[in-house]
Structures are given as C-alpha cells and as structure tokens.
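**Q** Protein chains in written order, with the working numbering: chain A, 220 to 635; chain B, 220 to 635; chain C, 220 to 635; chain D, 220 to 635.
Any given hint could turn out to be false.
Same chains, same names: a pair is fine if it fits in one copy or spans any two.
Stated by the list, open to error - Only pairs whose alpha carbons sit at most 25 Å apart, straight line, appear in this in silico SDA-like list of lysine to any residue:
#, residue 1, residue 2
1, Lys633, Glu306
2, Lys633, Glu586
3, Lys633, Leu409
4, Lys633, Tyr454
5, Lys633, Asp413
It should be emphasised that the hints constitute simulated quantities derived from the structure, not laboratory data.
4 protein chains.
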Amino acid sequence: MGAGRIAVSADLQRHFNATRELTARLVAPLSDADATVQSMADASPAKWHLAHVTWFLETFVLRDHMPDYRPFNDSFAYLFNSYYEAEGARHARAARGLLSRPSLTQILEYRSHVEATVNAQWDRLPSSALALIELGIHHEQQHQELLLTDILHVFAQNPTFPAYWGSPDADGVAPAKPLGWIEGPFGVHLIGHDGPAFAFDCEGPRHQVMLRPFALADRAVTNGEWLAFIDDGGYRDARHWLSDGWAWVQREAIIAPLYWQQADGDWRTFGLGGLRALNMGAPVTHISLYEADAYASWAGARLPTEAEWEVIAATQDPDGGDQLDGPGAIQPSSAHQDSLFGNVWQWTGSAYRPYPGFCAAEGAVGEYNGKFMSGQFVLRGGSCATPRGHMRASYRNFFYPHQRWQFTGLRLAKDV
Amino acid sequence: MGAGRIAVSADLQRHFNATRELTARLVAPLSDADATVQSMADASPAKWHLAHVTWFLETFVLRDHMPDYRPFNDSFAYLFNSYYEAEGARHARAARGLLSRPSLTQILEYRSHVEATVNAQWDRLPSSALALIELGIHHEQQHQELLLTDILHVFAQNPTFPAYWGSPDADGVAPAKPLGWIEGPFGVHLIGHDGPAFAFDCEGPRHQVMLRPFALADRAVTNGEWLAFIDDGGYRDARHWLSDGWAWVQREAIIAPLYWQQADGDWRTFGLGGLRALNMGAPVTHISLYEADAYASWAGARLPTEAEWEVIAATQDPDGGDQLDGPGAIQPSSAHQDSLFGNVWQWTGSAYRPYPGFCAAEGAVGEYNGKFMSGQFVLRGGSCATPRGHMRASYRNFFYPHQRWQFTGLRLAKDV
Amino acid sequence: MGAGRIAVSADLQRHFNATRELTARLVAPLSDADATVQSMADASPAKWHLAHVTWFLETFVLRDHMPDYRPFNDSFAYLFNSYYEAEGARHARAARGLLSRPSLTQILEYRSHVEATVNAQWDRLPSSALALIELGIHHEQQHQELLLTDILHVFAQNPTFPAYWGSPDADGVAPAKPLGWIEGPFGVHLIGHDGPAFAFDCEGPRHQVMLRPFALADRAVTNGEWLAFIDDGGYRDARHWLSDGWAWVQREAIIAPLYWQQADGDWRTFGLGGLRALNMGAPVTHISLYEADAYASWAGARLPTEAEWEVIAATQDPDGGDQLDGPGAIQPSSAHQDSLFGNVWQWTGSAYRPYPGFCAAEGAVGEYNGKFMSGQFVLRGGSCATPRGHMRASYRNFFYPHQRWQFTGLRLAKDV
Amino acid sequence: MGAGRIAVSADLQRHFNATRELTARLVAPLSDADATVQSMADASPAKWHLAHVTWFLETFVLRDHMPDYRPFNDSFAYLFNSYYEAEGARHARAARGLLSRPSLTQILEYRSHVEATVNAQWDRLPSSALALIELGIHHEQQHQELLLTDILHVFAQNPTFPAYWGSPDADGVAPAKPLGWIEGPFGVHLIGHDGPAFAFDCEGPRHQVMLRPFALADRAVTNGEWLAFIDDGGYRDARHWLSDGWAWVQREAIIAPLYWQQADGDWRTFGLGGLRALNMGAPVTHISLYEADAYASWAGARLPTEAEWEVIAATQDPDGGDQLDGPGAIQPSSAHQDSLFGNVWQWTGSAYRPYPGFCAAEGAVGEYNGKFMSGQFVLRGGSCATPRGHMRASYRNFFYPHQRWQFTGLRLAKDV
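Bound-form chain A, shown alone (with noise of 0.2 Å):
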C-alpha cells in the first residue's frame, strides 16, 4: 500500500470513528422507550436508524468483504434493511414502532461490535470497501439528521412536550437583515458533481445548463415574514396555492408551520429545546413545498431553480453557516445569515429528476437515490441539524411536497 493510500485510509478511519462517536452523543438522552417509538410511517424510531446505518456498513462491508463474517444476529436483516430490494424481505415501514425488542441497549452493543470488527479489519480491508465505508459514514450522517427531525416529531406528540436538550444561547434571538438579493449569473453554466471527493450518484454527471437573469434572495425567510403572510390571510387564499397544496391545506386545515402553537394570541414553536415563543429573525422551518410556494407568490417571487441556487452556492464554503456539531441548542437561528449552507433546507422549484447522463450504480446501493426520482422537490443547502462537513453546493436532498418534518425552510428568487 502506497503511502498515499494510507493516509487517505487513516483520514477514513479517523472520520468513520468520529461518524460514529457523534452519533452516540446525539442519543445519549435518549430513554429506551424514547428510542422505540414511530410517530408517523414517515419517521423511523432511534433505535432503527442507529441499527440500520450499522446494519448496512455489516452488510456491504463486513459481509460482503470479510469471507467468514458471520452476522451479530440473523434477525437484524430483516428488521433494519429500509428499501434495498435487492437485499430480501423487510419489516414493513409502518411496523417499526412496534418492535419494543431489541431494546436500545442491545442496539448499541450492536453497534459496537460493527465497529469494533470494521476497525479490527481496517488494514486487511480492500479499496472497495473502504469505497463503501465512505458511502456508510455520509450514509450515517444523513441519518443523524433524520434521527434528530424524527425524535422532535415524537416529542412534538406528547402533550408534556419535552426538551430534548435545554435552551439555545440568547445570541440567536437577533433582527434579521433587511432582505437584499445577489444577482446571479445566466447563459450557460456547469452544475452536478464531478472529480475524486464524495458525492452521492444523483449530484452527477457534471452538465451544462442555461440560466436566465434571475436574483437569490441574500437570506431565508423569516419567522417574522412568515407571520405577515399568515396575518394576510396567506393560508386562506386559494390564489396562492398550486392546486395540489390547496387540497392539502384545506384536508389537513393547516394554519401555520407544523409545530407552531397558537396560545392566548401569541404564537410559539416547539423544538428540541421544548416550547418557546417564536424568534422573529429566525428562518422559518417546518414548512412544505406548497407553502413555500405559496409565500413565494404571494410576496411576488418565486422559488429558484437548483441549477440558480447552485451556481450561486459553488461560491460559498459548504462548511459555514449554522449546521451541527453535536448535541446542544439545534434549531434555525438568525445567526450566520449570510451563507447560503446550514439553518435551514431550502425548498426548490425543482423536481427530483436524474441529471443528463445519470446512471445508478450498480448492486443494491445502486437503490440508493436513482429510484425516489419521481414525485419529489429539490431542497438544497443543509440545515442546522445537518453534520458539518456533509455538505456541498451540489448536494441534492428530496422530499415529497406536502412533507414538513424536516428543517425545511424557503430562500426567494426571481426573474431580473
């Protein structure tokens, strides 16, 4: 092994340790009760998600490179495999929540010895696995954030409405700025992943696109904004809405962002950090497409495309801005409000389509992105509750439009 290649290997296993390290830090308060609990099909309990990412470095890594590995225990694949076709049966979704056993303990021991066997393997490991190793860290931390946006969608069930962890510094509770706009670049640019470091499938191939004059807004919009539009009748106005989320907010007779409360006239949001009273300055978070959309008609916008947010964005340092580092106060706030990275996902009018020339990988990770293309939106950016270092100006997350559980929020754009 060339000296290159061991460092770039021990970088790996510095940064597979420190993957898995946070994520121990993020459940500490979590209770075994905590850990078990689903509180919609969407969301999947703790315990799942620390077992699946260890199931799936177990699985494509140890069993599929360590020729006499045997599994930590046979039922595991069944219950923590999440969609790989290719890889059999599975418990279904919805089901998660009832499986009171394995406890969280057994979970974490679990976890454990995955990692103690990765580690023990570390040098006899082959290129190709470390290939799936760096898929399993990214894979994982993606899971971070969704164990963290499932466990307040649990404690947002409870009518004691827990803390998840106590209260943020007061130093987010700043005015936002006033709302400038960048004006972005038009003709023919290059968006999509392209060279050596990380990307997930869908970010490629690297393609030319054509971009009319158009502005980013310079910052999120904001709780404060965001209650202009509910005062005005935003949510009762048909105008706004694309059809569908008209349907929507009519069906489900949505008000306002998922976990806002409405109390003696004034309005509070529930976070990690438990109730509090709304920050004005701060992103708005917890909201669909639909209401994106709407705002954004309604305040004479629209949402930009994520070839404009991207070719804005390749400017920035993915690493700023306000994303996680580990437990403590998670939640947008109206700090670092000048990069485009972190508070809050973006909502984009783009639909989660594959780039010209994608192709899925090859075998089950080939699962990984190419098959949710169709139905979804484009958000773009990280949020808060986003590891730092995961993030890039080409990433692509999506979800399905009425969808709010995330740190979802909205960035203006339009037409110059």
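Knowing the structure of chain A, use the given hints to seat chains B, C and D on it.
**A** Same frame as chain A, now just chains B, C and D:
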C-alpha cells in the same frame, strides 16, 4: 366504626394491596420500551394500563374524598383518562403509544404514591370511598387481563417472537375428554346479580327469563376440533357465516385464529410463552364471534344465550377452572375441562344490551358500562388471564364481533 | 286441483299482478339517468331494484320450475343477484351505479317478459313455485320501499333538490296530540309468527317471553319535540349517547336528522315532495338508532323492546295508519297518530338476533334473513313508504344503528 | 373593423361551430344514463363535460361581455364550474355522477342556447371576447378527448362490455416496422411557443435549453413489445421500477396495462370498439408513467425529456398521424407509425413545471395551467382521440404518474 365494618374494611384493604401487588408482579418482565408500545387502537400500552387504574383511584377516591389532595402530576388526568367524558378532554386513544414519557419508572412511582396515600388515609375514608376502592380493585383486575392480552399482541407483531414467560408445565397437553352435553333447566328462571356482594351495574337487575329446552356442551371446543373445521374448508364456505362475518373473513383474509401460524404444514400458536406447537386438547382461543358462530353452524349446533349459560354456571364454583394466579404459563390448557369458568371467555349469541330495569350509576362512574351497549356481544366465564376471584356466574364481558385478541373461545349449545 | 286451492291461487295471482303494477306506477317519474344513479353503497339504483326483484322470480320460480326456461339475458344473473352466495358470483354492490346499460327501457322489457311468462305458466306451476311467488311478492314490496328511500337519497345529493312528486295535502300538518302512555301487559306472553299466513322466517318460531311492567307512548316522537332536543344541545352532550353513537356524531359532524337543512334560522326537510318547512306535528324521521337512543335518554325514557312493541301492536289492525297506497305525497304526517303501524319505522332497543328455535330455510332463499343477524337493531311497524298489506305485528325490520336513510323514527317506552 | 380582422373572425366562427358540431357527433351514441355515470373521481360524466365547456363560454364570453346576459339556469354555475376558485363554490368533483338531473336533453338545450347566443352576438363581441372564444374552442377540444376516455372508462366497468362504436377497419393491424433511432440535435436549442398563433400559457415563454447528444425512437413501443416485457416478469421485478411505481404495482396488483384482460391464455383489450384481440403492431396504450419508466429501464433505454421530444417534433406536421376526425374507430393503430404526433400520448421524463419566465394569465382563466405544476409529468404528441388541428410541437399535456385512463404510451430515448 362497628367491628363488622372494620373487618370488612380490613379485608378490602388486603384485597386492595394484593391486587396492586399482583399487577406489579405481572409487569416485572417489561422493559420501558415494552410498556410504551401500542400495537393497535384497540389495545393500550402497559404503561397506560398501569397509570390509568391508578388515575381511577386517585381521581374518584383521593381527589373526591380528600379535600387537600394534590394530584401527583397535573398532566396525568389528561394522559390517563380512558373514556370518561364527564372528566374532560383526554389524549386520543389511538395515540397512546406515542408517549415515550413519562417513563415506566415514573409510572411505577405514581403507583406507589397513590397506593401509599390510600393506605395512609384508609381509616379516614368514608364508606362511599371504600365502595369506589372496591370498584377500583375490580377495575384493576380487568386491566390486569387487558394488560396481558395487549402485551401479547405487541409481541406477536415482533418478527423475533419474544416469550414473555417460559414454557408451561407439560400437564397442559392432555387430550380433551369426549364432548358431552349438559341438559339445561327450562321455563322461567332468574338471572342477573342481586345482593350486597360486588358486581358491575350491567349485571343487574336480577330478573326472570324464559328458557326453552336446551343443552350446553360440557367443555369448550378444542384446537383439534378447530383444525377439522379448517381442514373441511370452514373458512372458505359462505354458508356457515354471518354476512358481516363473511365480509370480514374476505376483507381481512382470515384463515385461522389469531396467532396461529403455519410452517411446513404444521400449525403453531404464539402466546405469552412464545411460539409452540398446537395443543390439540386445549380450548381454541383468539377467535372472533364470527368464527365462533360459523363453527357452531358448521357443527350443527349454535352458541348459547347468556341466560342459558348463566343458569348452568350458577351451580358451579366461579373460582374454579384455569384462572390467573400470578406470573407463569398463562394460556388455555386441557386441564380443568369440567369448569364453566376460566380457560377461555365463551362467546354467547346474546347482544350486549341492558337488562330490564337497568339504570346506570350516577356521575362519571356511570359511564362504566351502559354506554357500550350497542354492537357488542356478551362473553361469559373468564379466562386463563382473568385474576382468580374476579369471576361470577352473572359476570358479563363484551366485545365487538370481530375482536379476537382476548382469550376468547366457544362452548356449543343446542335445542333439545 | 281442489276449488280452495284454485281460489287461493287466483287471489295470489291478483296479488302478484297488483304488486307488479304498483312498482310500475312508483317508477313512472324516473328517467333512465334517475334509475341509474347509486348515491351510496347502502343504496341501489332504481334500475337495479326493478331488475333484481324480477331476477328473483325468474330464478327461483321460472328457472327452478320450468324445465325449458331460457333466461331473458345471460348476464342478468351476474348483474342482479343481490347477496345469494349459493347463486354464484355477482356484480359488486358498491359498483351498481356504474351500469348505464342495460337501459331502463330494457329493464322494463325484462319485467314484462318475466311477468308474462309467470302468468302464462300459472296453471302449470307446482305449489312450491306458488310459495316462492308469494315470497317474491313480499320481496318486491320490500324493494318498493327501498326504491323510494334510495331515490330520495339520490335526489338529496342534487343541489337543485328535485321533487319526485308534488306537494301533499295540507291535512298532514295538524298538530300532534299530547303524549299519552299505553300500559303494557306483563308476565309471560307469546310473540312471533305462527300459522299458515305468510311471514318471513325470522318472525318465528312463536315463543314465550317474560315482560316486566312497562308503558309505550301512544304516538311517535314529533319533529317539534326533536327540535327541543336540538335546542337543548342534545347533539353536543355526550351523556345522552351510546359510546358508538357519540363517536359517530363527532366523526360525521351530525347535528340534526338526515335531510334537515337550516337556512336563515329555520329548519326545512327534504322529501319525495321536495324541500319544505318542518311539519312540527309529524313524526321525526330519518334518524339513526343512536339518535333515537340519545333522545330517549334525554327524555328520561327508553326505547321499547321488540317484545313490548309486539304485544301491544298485536291488538291493532296492521293495515291501519299511514302506509303506501300508490304514488303521491309519501312522507310521515300528523294524521293517523293512533296507529302503531305506518308513518315511521320505530327503532326498538332489541338487537336483531334469532328467536329461540329459529331455523333458516333450506337452499338459496335460506340466505334471506338469518345471515344478517349481527350488528343490527330491530325496527317495527312499517312506514309511510311500506306498501299497505305488507305489514304484520310480528314483522321484524333491521338496520345498522348508524343508518338513517329509511323512514326511521321512534316511540318512547318506560318502566312502570 | 378591418378586412383582415373580419376574415380572422369568420375563420374563428367557422372553427367555433365546427368544434361544437364535432362534440355533438361524438356524443350521439350516448343515452341519458351513459351521460350521467361517473366511474371514478378522476373522470367526469359526459353530461358534465358537455355542460362545463358551455358554462366556460357562457361565463367568460357572454356574462363578461354582454351586459344584459341572463344565465340559462342559475344553478349551472355551481354545477359545472370545474376548478376555478375565483368563480366561487362548486359541486364536489367526486359527486358529479350523482346528478341524474339536469337531463342530457336539458344539457343539449343549454348547449344550443349558448351557441345560438354566441353566434347572434358575434359581430358585437370585442376582440377580448374573441380571444376567449378561441380559448374556449381549444378548451372544448381538450374535453372532447376527455369525454371519450371517460366514457371508455365507464363502459370498462360494465361486465357486459358495451362497444361505443363498431369495429375499426382491418388496416390497423399491420405489423410494426423495426425500431430505428432518430439522432437528435445537441447544444443550445429553443423550445416553447412564441408568436401570434394560439397556445396555452404553459407552452411559453420560448427559451433556450441545453441538450446533450441523444436519440429518439422512430416509433412508439408496441403491444407486442409490451407482451415481451410482461412475459419476462417485468411487473414482478423491483429493479426496473421507481420506488413509488413499485409501491403502486404492489398496492394495486397491477399486472398489465389498463383494459387488458387475460382469458384462456390470450390477452384482449377493451376499447371504444369493444373487446378485441391484442393488436401486436399497434402502440401500447393506457399505461402509467411508472410502467413507461419501468419498461424503458428494462429495455436499457430511458424516457425522452420534453425538450428532446420537441426539438425533433418541431420539424414534423402536427396535423399528421392518427388523430380524431370524427366518430368511428378510435384506438391506436399500426398505421402512421412515422409521425411523432397522434396515436398515443408519449410520457416524457420531465416533471410538469413552469418554463423560465412563465407567468400565469390574469383573472379566472389564469387558473388554467399554472396551479397544476406539481406532482405531474409531461406528455407530448397527442393521441388518436385528440381532435386533429389541436396539436402543436410545443403542446404540453400533464398527468399524475399513476394515471392511465388516457391514451398514454411511450417512445424510447437514449444517450448517444
């Protein structure tokens, strides 16, 4: 206080504490997660049962009879009221399984606190409070059985099929005795509860009924007999079924009792002792009224009415048969076949309706029974999961005709 | 053939042809489209009723008793079988309204063909066929009422509220008489059908019942009285309601009987004569068992049992009261208040279950009643839409407790 | 008025009357009942289509431009508004099939009245009204196609499988030509509508797109080719399917295109000409986007983007191919394989989203397209049921990915 009153009171206190202690023993194997999961809307989490029976005592005994009583926790009335409209708003039934907090430990502290307070106040409580404690004991006994059937349902959803307790003794697998018939008395008879001993309001008033000549089977229908029904195509022949039952069989693709599994041609059943071979001599259980009625039709017989059942049962010891004495092998067995009591609840052909002259109690506890008198059928006799001492010949249990997660079976009847 | 047999047969033939003719008169106002629409799964298109009663005759009389009979149309057995499992596969009930063809004209031709064939063959038909024709007459009478209630439901969905027939005479708007009570006989009494006259199988066997002292209201509850229940908050007070009923009221947002509309503070009702002002003296109709039971509870009374109703009704003329004689003003009125028969079906507190010793008939017609004996409640007395001549004191109608598109009302009872 | 304006106006009037007349010819075989039935919420009754396109003219042309115009019937605005929120409340879409009245005859009278009024007023109408008449013509053409696909869906629910028209000529059953590929131009190209000719707002603005090298199949995928996909297990292999598509296939038990039936091993298809043998050379139709995408994946190809399709189609005659000229054999055929237009709508891989710079029209007609731009995919080219003259290279049709009751098919594309 007279000596008789004191003796009664002391007996009641012993009964109270013994009941509370039995509950504690029954839940000893539960983890916090086990106690949190709700596997369907009909069932409740174990934690909820534990807290609800305690809330019942705290509310109707302590709050209503101890002027300065402060609730243990202000949110518990909202969380643990079951269906008492008069007691105000409450957490949605189907969402009970979303409450990871309060924890099992906190619920057990709640139990201890209320028990200790009741015991400390015992000599100061008026007789109306003692009557409510007596009701509370019987209420808790009902929830002991529900707790067991609900946790069985949770574990049955788990692909790893955990056993709540170890295996039963082998003496339960004796063959069933040949089926015989008990000729019932006919003409005018009295049924229903009367006298000072405890009974639920729906068991009275005692009243005359007119019976025609009939016979009641001298034991319950067994698993072996049920297998013959299956093998004869019983689940596929509309002629045997009530119309609602046939629709249910087709819609739910029912082919056997709940918890029966077929593997390699052999049937197994899942119970609190885990997965095991079918015990041919034991009473069939976990069947719906629809299945019971179809079997009876197939067998050329019918279900007994509740009056027929009661006039025969009135001559037997209600504490006999296979009932719950404590943790251990809780499942129907082929022992104690002669008793009309215990082993499996027996579906009757009687709709659950008020007896002539029935009046619900005043106040919130008046919601205990009367309001459920539509759409349900009466079951009689108690089961292996009914606490010994809880049963009476006049006891009326009731479930909807499709429900089968209780230990429900059947005993045939016929005209003679 | 003896003279008596001939006379009976001639009477039957007159009855047969009169019944068929009444059906024809009832559907005269229908367009092809009117006769095609199905407004809910519980109801059927008029075309279906017209064809189904004809299929019943064609199948059980002609096919089964005329060796060389050829079906009028080979697809009709599939299209117009209602629920006879023994007669094979059939068109899904909820999809009956998708059949624009065969047309109403074709269905009327089918009717003429079968009628003509029955009449042509009359003297050659065996007595078993005549018995089935008698059943077929009563069957068609039942469908005459269903046809009217189903077309009323269709028109009630139409925002233009078409009137099926013109307005009734004004004599129906007399005030109700003051409510009085009929004391019932108590002790052992006989109910149920016996003897050679026609009755459905579920009306027998005649058997002894034990009655406690009771009284039955001497008229039905009126619209005016119901308004007082509404105005007193009856639909918003859980204490009056069965638990299933309360869930139904909340889920369906029920605030008044079906077909009641409030405009500018005044209630109107929709009927076969169109929208009109509430007739305060007429019996309330289009209420569910849940509503009937809640009203009785609110009024400090209860529903009668079917035995109580029958022992009093047995002394009245079943052809009396307000029943269907032909096209015209078909709706409950304040005329004929003294009769227990006609005007509105009266919900009883009795679940629809078999009488002691009940045995369903052999063969396909054995599916007529017995298989529906779960989940439904008995109604007694017939309504303004029941063909005169169809009613008996022993007659048992049955519907699910939430259903209310029939002419259903209530008569109070109480213990004395 | 200048001579040019008069000529244009005369042309428009001829087009208007020809369109109205074609509608009349298409519905000639309908009975009142046929025209009333609604077989699913996605579809509408024929009567509704006939009235709705007339209401559109009555409202936006007559009411808005004729000061003293009185509506033909005051209830029609409520009954026949489709989705124009700005036009007020309307009858629920899923309940359109409950309206047996107004009758087909009344609707045809309504049509005649509005047509006559438009013609009588023609010379007095301002040019803004003429523009709305032009929109109204194209609107009615869209509903001509929907009317045919909706009535086909109605008849497909009927077990007697009625034929709307007789059989097509035999020339349609020629074999398909061998599949060839058209190489597309790459680099920067213009797509979208521009200029004075009519187009819907969503077809513009005309704008530059960047294309990579690609090829488009020179004919659509045929029934014969689809059979190979089925026989190869295409519907049972998750690897070919989008995740949403795979869930749909399993939930709905999809095993073939809509209207395919298997009997005795042979496939038949149901169409407006009735049930007939599968035409192997004709384009497959009545498939969802999910099926189209899965087929392309199985075939090692992909769906074209709408830009790719348009740049090639721009060189063809949009009035060519197999399109609707009048009553008769309306179904895809193997004739005219060379045209990109007609025969079957071709699913593209493009989500239906606004073009850069898109602005919806002002007022109620602004709800025509823009609000539907979420969750749907673009289809191109028109079908055998699209009125000849209605099609354009820039034309964008759109449906949800699971919908398949239109004449939807596919044409493969690939990267080169």
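**Q** Each hint should be assessed against the structure and marked as holding or not.
**A** Quick rundown of the hints versus the structure:
1. Lys633 x Glu306: neither (45 Å within a copy, 29 Å between copies)
2. Lys633 x Glu586: between (35 Å within a copy, 21 Å between copies)
3. Lys633 x Leu409: both (20 Å within a copy, 22 Å between copies)
4. Lys633 x Tyr454: So Lys633 and Tyr454 pass the 25 Å test inside one copy only (22 Å; across, 43 Å).
5. Lys633 x Asp413: This pair counts as between: shortest inter-copy Cα distance 22 Å, intra-copy 28 Å.
Violation of the numbered hints given earlier is confined to hint 1; every other hint is satisfied by the structure.
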